[in-house]
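> Keeping their order, the protein sequence lines are chains A and B. Counting in the working numbering, the first sequence runs from -13 upward without gaps. Counting in the working numbering, the second sequence runs from 107 upward without gaps.
You can trust all of the hints, since none of them are fake.
DSS-like mimics (lysine-lysine), calculated; alpha carbons at most 30 angstroms apart, straight line:
#, chain 1, residue 1, chain 2, residue 2
1, B, Lys430, B, Lys370
2, B, Lys433, B, Lys356
3, B, Lys442, B, Lys426
4, A, Lys20, A, Lys313
5, B, Lys153, B, Lys320
6, B, Lys567, A, Lys313
7, A, Lys277, B, Lys271
8, B, Lys356, B, Lys430
9, B, Lys233, A, Lys313
Counterexamples of contact, computed for chain A against chain B with all Cβ distances above 10 angstroms:
#, residue
10, Gly173
11, Pro185
12, Cys227
13, Gly259
14, Asn268
15, Ala316
The hints are simulated quantities; they were obtained by calculation from the structure and are not laboratory data. The C-beta atom is built at its ideal place from N, Cα and C for all residues, glycine as well.
Chain by chain, the residues:
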Amino acid sequence: MSNLQLLWFVLVGVLFSGFFFLEGFDFGVGMTIKSLAQTRAERDVVIHTIGPHWDANEVWLITAGGAMFASFPMWYATLFSGFYLILLLILVALIMRGVSFEFRSRMESDAGRNFWEWAAAIGSFLAAFLFGMMFTAMVKGMPIDAHGDMTAHFTDYVNLFSIVGGVAVTLLCYLHGLNFIRLKTTGTLRARALQWAKPLYWVLFAGEVVFAILLYFNTDFFTKKPISTLILVVALVVLTCLATWGVYGNHEWLSFISSGLSLIDVVVLLFNGLFPRVMVANNAVNSILIKNASNSPYTLHLMTVIALSVLPIMLVYFIWSYWVFYKRLAS
Amino acid sequence: MNLGLSIISLARFQFAMTTVFHFFFVPLSIGLALVVAIMETVYVVKKDILYKHMAQFWGRIFLLSFAVGVVTGIIQEFQFGMNWSDYSRFMGDIFGAPLAIEALVAFFMESTFIGLWMFGWDRFNAKIHLAFIWLTSIGTMISAMWILAANSFMQNPVGFMINAKTGRAQMTSFSAVIKNPQLWVELPHVLFGAFVTGSFVVAGMAAFSLLKKKNVNFFRKSLKVSLIIGLVATIGVVAVGDLQTRYIIKEQPMKFAATEGLYKDSGSPAAWSVISSMDTQNHKTNWSIDVPYVLDILSYHKLSGNVKGQNTLNKEFHAKYDKKFGKNMNYYVPTKTLFWSFRVMTISGGVFALIAIIGLLFNRASSDLIIRQRWFLWVLGICTFLPFAANTTGWLITELGRYPWVVYGLLTIADAVSPNVSVASLLISNIVYFCVFSGLGIVMIVLSRRALHEGPDDLLKATDDAPYDPYGKGALSHE
Ligand code: HEM
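Bound-form chain A, shown alone (with noise of 0.2 angstroms):
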């Protein structure tokens, strides 16, 4: 394995912990909108909150599959056919929820505003549970051929495992979702996220528990990396604590900083245990390395050379954006 290849597994991680800091609380705001909000007036102020800059969110998503295709082929090939209906479904619900806001805005009645405020919280938490469930079955091992097609029956992706890790990326995203909405709003809306926050960091913790338990069972992570695994895994109940502590303390930077920082121990988690694979197959002399998925050492530079270049100025802007928009939002 090159050094770039390495880079490169490691650049695909960052732009999927992106995606997760930044779209997981857009989908838990998407999920709070037929939840929390409760009148028109709070949803159109949840909806606000993440009005500009749900698409730029998104687009981490897309930057980490294009980035995939042009670093690992092999894996974006596997991949994206092999989870073929999940992926559909994915699209589906990103559909949905990317039109809603736009349309639901244009509404003049109030079944055509509810029928768009479904659409937002179902392909909201869709997205979320899908993604996490494709992530944890693709961990678990795939039926993958010697050419590297993967062929999986229903079962193979939708278990007890992968179900759990939808199950868990979902309540994590919609927690990370309640404390931007903390951040972002006053009034009812910030008193009722925190209110709500308390009792479901308690379910967060079993269902930790349960996907560690589940991920020693399922997947050869705590026996290839036992040292990593373990500290990323008790990574994640420390910094689940720290959220529990700010929501019972009420520091709203605390818990979101650290709902989001979850999230990226659960996409480090599984990265580390991928490591030094790209897809994992059940028949482990099928697995796609790292060191074989690769395009060739040209493309890996000039693509090294352009991200570098080009990521530090978005970023400029992107926080920019954020900036300009911080503010409270009354409801």
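Following the hints, complete the assembly by docking chain B with the ligand onto the known chain A.
Chain B with the ligand only, in chain A's frame:
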């Protein structure tokens, strides 16, 4: 499950359906971004508030189009992996790069600045706010450049080699990929086509409103701005189209022969068929109505010269490619589709130029012909839809004319498809996309019509210092 459907035909159908639908909104968004940016520029320069309202009003259509464009775009990126995994493996070294760069450079730019533009009306001074729409507009164009760089490679592979060990295509020169001559005719043609689309949609919608005689001043001024842009863009698209024609005669003669319905060589001087009846089974022309010399003028800007027909080219291709692809290849492209598509596209080009000129004459400040000549407003209104036909037929030529290859001369369609995806999965995804697109298309049309019907009254009434909120109640839902 076997309904006589193959994964290849389903995957091709899906690609056609998703790209055509996506490419309704791409040129519309690129074009509207430019039109809105120009309107806002006029506002900043002339300090005439009417142009601000114009930018805001047409901005509503732009935002709708942008939203649908974004969500249908994600499908495109996923599709290569989902349906064309062997293509992705073969081409990843070259194709992935422009895709990733497009996301990094263009998508972040457009999505961030469109957010700032939408929500920034009363947070920034006019000049900074103007910069946001220009940055969005430039972002949309940069995005076109990178995705067309990828497409151009498929049309005309350059700057690569085939790795003998892996059998995969490998990039050897990024600058050759970027300098691909195909790209530098295709990109301006697509961009001008997009500006035509944006401007004629504005012009056509303004015409519908003028028929109702509401907000006449507002819509006449909108018409003026859009028709000026439309005229310039039409001249651009036709001029570049001419370059492109002469380019493909050299690089993809089979495609060109098909757009002209030629089976036999034309001989010199070459006549141009206005219409033609083609026998695609036996590869011959039944009859056609010809105009002498015109094909030579189109092809070579001369009055003489031979244009090769598909029968000759087919033989040449067999001689050239049989060693690699075997004797059983069929190199004829879907001739009828290409022939008629080319006519729809080019004739629309002529119609746009004519309509723009008449419209600008009728709409002169000193005359009110535009209001009185209602038939013309109707024609203009119908022109709202014509750019979509021109764009789609243009892509049909470009993409079907590449048959039987995905990557010209390198990879056939049959070798590109995902071998592990089942007919059932593809059937399901085709049905799902079809339903989703129908729904989105209907909502899009209904909402655009409603925005037009409601008109800019809320904007014109609002005082300048009232905050403008794109998701606010007054702004869009009109209560
Ligand atoms: C008389 C005018 C026109 C000529 C001579 C012309 C010529 C061409 C040619 C030769 C192609 C195929 C290029 C290839 O396969 O590489 C093409 C494609 C295309 N045309 Fe046109 N065209 C004209 C007008 C228009 C108009 C008015 C529009 C839209 C408003 C348009 C939109 C397109 C698009 C979207 C494509 C596909 C992308 C591309 O390959 O550039 N064209 N055109």
